[in-house]
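I would like the entire structure built from these sequences, with the hints used as guidance.
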Amino acid sequence: MKVTVAQYYPGSSPIHRLDPRAKFIAVSALAVALFLRDSYAGLLVFAAAGGVAYALSGVPASWFWRAFRPLLWLVGLTFLAQVLFAPGDPFFSFWIFHLSWAGLDLAAFLSLRLVVLVLIGSVLTLTTAPLALTDGLAWLGRPLRRLRVPTDELALMVTIALRFIPTLLVELDQIMRAQRARGADFRSGGLGQRARALVPVLVPLFVLSFRRADELALAMEARCYRPGIVRTRLHPLHAGTADAVLLALTAAIIAAGLLV
Amino acid sequence: MSGSASSVAPHEDARPGIALACRGLGFSYSEARAPIPALREVSFELCAGGSLALLGASGSGKSTLLQVVRGLDEAETGAVLLDGRAAGDVGYPELRREVGLVFQVPELQLFAATAREDVAFGPRRLGWSGDEVEAAVDEAMDLAGLPPADFGDRHPYALSGGEQRRLALAGVLAMRPRLLLLDEPFVSLDPRTRRELARILRRLKDSGVTLVLATHDVDLAWSLCDELLVLDRGRVAVAGAWDFGAAGGHLLAADRLREPFLVTLWRRLGRDPREAPRTAAAAAEALS
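Protein sequences appear in the order of chains R and H. Residue 260, in my numbering, is where the first sequence stops; the numbers in between run on with no holes. Residue 548, in my numbering, is where the second sequence stops; the numbers in between run on with no holes.
Source of the hints: derived by calculation from the structure; they are not laboratory data. Treat the numbers as computed from the prediction; the structure is a model and nothing was measured. Cβ coordinates follow ideal geometry from the N, Cα and C atoms, glycine included. Any given hint might turn out to be false.
Stated by the list, open to error - Covered stretches of chain R (in silico footprint by chain H; criterion: 3 or more residues with CB under 8 Å from a CB of chain H, positions within the stretch not fixed): (1) 162-175; (2) 180-193; (3) 197-211.
Stated by the list, open to error - Which bits of chain H does chain R cover? Going by a derived footprint, with three or more residues having C-beta under 8 Å, they are: (4) 323-332; (5) 367-373.
Claimed, not checked - To give an idea of the interface, some chain H residues facing chain R are shown, with a C-beta separation under 8 Å as derived from the structure: (6) F381; (7) G382; (8) R385; (9) L386; (10) W388; (11) Y417; (12) A418; (13) L419; (14) V432.
Set out below in structure tokens:
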């Protein structure tokens, strides 16, 4: 019962080395373009682009499955909804459900589009360290500071949250084990029973988290953290030729995807 | 009766009096790229009522071994035998209930609104009757040095660090384990609480509980445990009785461990280190 999250695959491929801002812009633009075009040909272009990027990243194919698995039910649900309720000339009807070739076609297309979306998105999350991603987003959000949106503070919050996810997972695992050693059972029983079984796990986890938040805030203040002042970065972001090439390629792919 | 030698029904491992035996245990943690082996071919035996010090550098597999013995992780190879019978999914899962495990920093597991309630969690999960639970809680809290009359209604988080540690211990003792595993129970305790905890463990040992104590504190291990098991990167480096042998060549040298203070003292005094006393009191008696 080990708790894991599939997100970042450390590496040094060309994709890993790209600037997170460039990657984020490219992936967002591709995602939008993907939904602007309703043809298999377009889908194929985007899928190929995603596939090539994924191959270049050197991430094992099995990791795509890890990223994709949590979304499987969403794809399944999309497919079912489209298949069962889509309009069209039904070749099979039962109660309120109508199966038609047009419906099947639409369902397949929409599901495949989701798969391609996850593929493109997973290239970003698998090859970009969460902290680099947050830095990139903070930079991209800078114009919002004019509107008094505290972007740096928000980025810091996200950074801290990301930083503590692995820690919390380890502690969650430890506390669950400790309570299992005392006879707790998290796997059997109905929903209510299972929810109640989590009380001995969640109470210590919350207490621990609040205590840690307190200590972290003190430690940050002791090292002169003050909100609202501009901080310089230890690792400034550098966009280079490769990033310009990425954006140009992205533009070309989008053009191709929309025009074929 | 010497004349009526009756054959004992064959067990899976028919040696009497062995409370815990591990046979070729192997376990590895699955990590993203390659599994990390944590235990390799770990085998040892511990008599009922015995006490075993589990020593070894950080990351040598001490905690993993305790988790596997308690059944929180299933061994990939080998078997854990409790009272000579294989414990585990294929063996006798109920045997595992007689194994108590006190985690590293066990106070993290406290969750209930009162000390009493927290200690009662384990016994209730065992399905004991209300009276049995009450009796077990009283006994365990007394044993842990937290008289239920004084501490029963206190909030666990309002207790001091040392009291929390002992309360967590009581929560395990209340399930009346016959084999008690402790994962570095002395970490970050002040000297007085350490002494109290050592006293509690000695009392448990005297009452016949089999102890396995994972620790970095060789002196405490020496004063509490009859035998030792030294792990080195998941393998058994030393198993069995403490043996400091001839001068200089003692068993612990290989493993970043020093020998117990009293053993060194005995060596320096020119006495046989194998006869070194276990406690300061015994040393004083021998020297006076």
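Now the hints, each set against the structure:
Using a Cβ-Cβ cut-off of 8 Å, 3 residues of the region 162-175 of chain R lie near chain H, which meets the minimum of three, so the contact claim holds. A stretch counts as covered by a chain when three or more of its residues have a beta carbon under 8 Å from one of that chain; for the region 180-193 of chain R and chain H the count is 6, and the coverage holds. Here the region 197-211 of chain R counts 7 residues with a CB under 8 Å from a CB of chain H, which clears the bar of 3, and the coverage holds. With 3 residues carrying a beta carbon less than 8 Å from a beta carbon of chain R, the region 323-332 of chain H meets the three-residue requirement, and the given coverage holds.
By the rule of at least three residues with a Cβ nearer than 8 Å to a Cβ of chain R, the coverage given for the region 367-373 of chain H holds, with 5 such residues. Given the 8 Å rule on beta carbons, the hint for F381(H) holds: about 6 Å separates it from the nearest Cβ of chain R. Of the supplied interface hints, the one on G382(H) holds, with its beta-carbon coming within about 4 Å of a beta-carbon of chain R, less than 8 Å. Look at R385(H): its Cβ gets to within about 3 Å of chain R, closer than 8 Å, so that hint holds up.
Annotation: interface hint on L386(H) holds; nearest CB of chain R at approximately 6 Å, less than 8 Å. Taken as an interface hint, W388(H) does not check out: its beta carbon lies about 11 Å from the nearest beta carbon of chain R, beyond 8 Å. Given the 8 Å rule on beta carbons, the hint for Y417(H) holds: about 7 Å separates it from the nearest Cβ of chain R. Given the 8 Å rule on beta carbons, the hint for A418(H) is violated: about 12 Å separates it from the nearest Cβ of chain R.
Checking L419(H) against chain R: minimum C-beta separation of about 13 Å lies over 8 Å; hint violated. At a threshold of 8 Å, the smallest CB-CB gap from V432(H) to chain R is about 7 Å, leaving the interface hint in force.
Of the hints listed earlier, those the structure fails to meet are numbers 10, 12, 13, in rising order.
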